[in-house]
Amino acid sequence: MSSILCVEDNPEIQILVEAALDAHQVTLASTLTEAKACLSKQRYDLVILDLELPDGDGMKFLTGLNSSEQATSVFILTGKTETANKVIAFSLGVDDFISKPFDPIELRARVNAKLKKASAASDQKALIKLKDLTIDVEKQRVSIATKAGPETISLTSLEFRLLLTFARSPDRVFSRAKLLDTVWGSDVAVTDRTVDTHVGHLRKKISASAVKIETVLNEGYRLVL
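The numbering of the sequence shown is our numbering, which starts it at 2 and goes up by one.
Note that these hints are calculated values from the structure, not bench results. Take the hints with a grain of salt, since some may be wrong.
[Said to hold, decoys possible] Derived Cβ-Cβ restraints for the label pairs, each shown as a range:
#, residue 1, residue 2, range
1, His-202, Asn-11, 55 to 63 Å
2, Ala-127, Asp-193, 23 to 31 Å
3, Leu-128, Ser-158, 14 to 22 Å
4, Val-88, Arg-194, 53 to 61 Å
5, Arg-204, Ala-119, 29 to 37 Å
Note that beta-carbon positions come from the ideal geometry of N, C-alpha and C, so glycine has one too.
Using the sequences and the hints given, assemble the complete structure.
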């Protein structure tokens with residue numbers, strides 16, 4: 002669940018935004034002062050900002066954000082639809098500009114697309130550490146900690162994707178069908194036996210690690226710590 006700050010003084014618009022984004026945690030602020038207070042307490046995945054608020058101009062508010070606040074994605078939601086406003090907003094780094102009146106379904110789609118893209122980008126940069134096993138997602142490199150130092154494990158692209166799938170959800174049981182869809186893709190014609198073969202190879206390569214891939218009878222596989 003993503004955290005979203007909606008800075009909007011119109012109660013009806015607030016209700017529409019909350020309903021459209023009910024899959025996320027939405028915090029409402031009716032003024033720029035309230036918004037600033039919210040941003041000082043926590044970081045939000047996305048800020049939805051009106052440009053006309055009781056205590057000031059949303060555009061000026063954008064220019065006054067500090068560096069950590071500027072790292073948050075911003076959507077403008079406003080009745081000020083002039084091209085000049087859009088140009089200024091995008092020059093300040095906003096991610097999207099939505100005009101009122103708006104379609105809540107379209108807002109949901111745009112927000113979800115942005116959050117999904119941001120999440121994927123974050124995952125690609127992640128460094129996953131599980132006991133003595135370290136997975137560098139960006140470099141596609143896996144190493145096991147030993148007394149002599151990190152020992153790099155050579156994995157094929159498929160083996161790496163298999164390990165990454167397990168590592169992102171420890172203890173979750175993955176059926177062979179789910180692994181086929183996640184790692185190989187639904188358009189590739191391979192069999193359950195292919196999964197077994199690659200899991201077997203992966204097990205051997207990480208056998209020196211305390212992290213293990215366990216067979217769950219009649220179900221599939223899971224990573225155990």
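Tell me, which hint numbers fail for this structure?
none
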